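Let the hints inform the model, and build the full structure from the sequences given.
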Amino acid sequence: MKTLFAGIALFGTIALASAQTITFDKTTFDYGMIKPSSDGTRFFTVTNTGDKPLILSNVKASCGCTTPEFSQDPIAPGKSAKIKVGYATANPGPFNKMIEVFSNDPVNSRSVIYIKGDVNANAPDPKPLTPEELKAKAKADKKAAKAAKKVAAKG
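Residues -19 to -1, 1 to 136 in mature numbering (1 follows the signal peptide of the UniProt record, and there is no 0) are what the sequence shown spells out, letter by letter.
Please keep in mind that the hints were generated in silico from the structure rather than gathered at the bench.
Source: prediction; values computed, not measured.
Where is the CB? At the ideal position from N, CA and C, for every residue including glycine.
Treat the hints loosely; a few may be bogus.
What the hints assert, rightly or not - Pair ranges (Cβ atoms, derived):
#1 Lys97 x Asp122: 16 to 26 Å
#2 Thr4 x Lys41: 12 to 22 Å
#3 Ala(-1) x Asp20: 15 to 25 Å
#4 Thr8 x Thr48: 16 to 26 Å
#5 Ala(-1) x Val93: 18 to 28 Å
#6 Asp32 x Tyr95: 26 to 36 Å
#7 Gly45 x Val93: 13 to 23 Å
#8 Asp32 x Ala71: 35 to 45 Å
Below is the structure:
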């Protein structure tokens, strides 16, 4: 009987270890102090550290001033994807916004990430993006547009 329980416990452990697992490069993106109407786009990197495909089913912002974009394409084990987050920088003042990420991770089906900063006319001018950053931004914009089109087509 003890062998049976040990076998069931071992099987349960293996079943849990064999799953998709969501991991973020960071859970808070601090914009710092930024000028009004500056580029409010930032990216979070989501990595599947499990051994089954990870699917982001929804990404919801806490208010209309924050617009997340994501792809529902499965993220293969060991691979990454980007969540594009836009903030309406026309709104002056400090901000701290929550974004909920829903996935098929059995342990963390709902994860929370944050953006924060301060939209202030006295902010220093932003540093220009490097060629690598511009290329990554263009690639992520293209992928997000494709994902948004796919979601819109589903109705």
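Each hint tested on the structure:
1. Distance hint for Lys97 and Asp122: a CB-CB separation of about 23 Å, consistent with the stated range 16 to 26 Å.
2. Thr4 and Lys41 have their C-beta atoms about 20 Å apart, which keeps the hinted 12 to 22 Å range intact.
3. For Ala(-1) paired with Asp20, a C-beta distance near 37 Å fails the hint of 15 to 25 Å.
4. A hinted range of 16 to 26 Å holds for the C-beta pair Thr8 and Thr48, which are about 19 Å apart.
5. Roughly 20 Å separates the CB atoms of Ala(-1) and Val93, a value that falls within the hinted 18 to 28 Å.
6. In this structure the hint that Asp32 and Tyr95 lie 26 to 36 Å apart at CB holds, the actual value being about 28 Å.
7. Separation of Gly45 from Val93 is about 18 Å and conforms to the stated range, judged on CB atoms against 13 to 23 Å.
8. At roughly 44 Å, the beta-carbon separation of Asp32 and Ala71 lies within the given 35 to 45 Å, and the hint holds.
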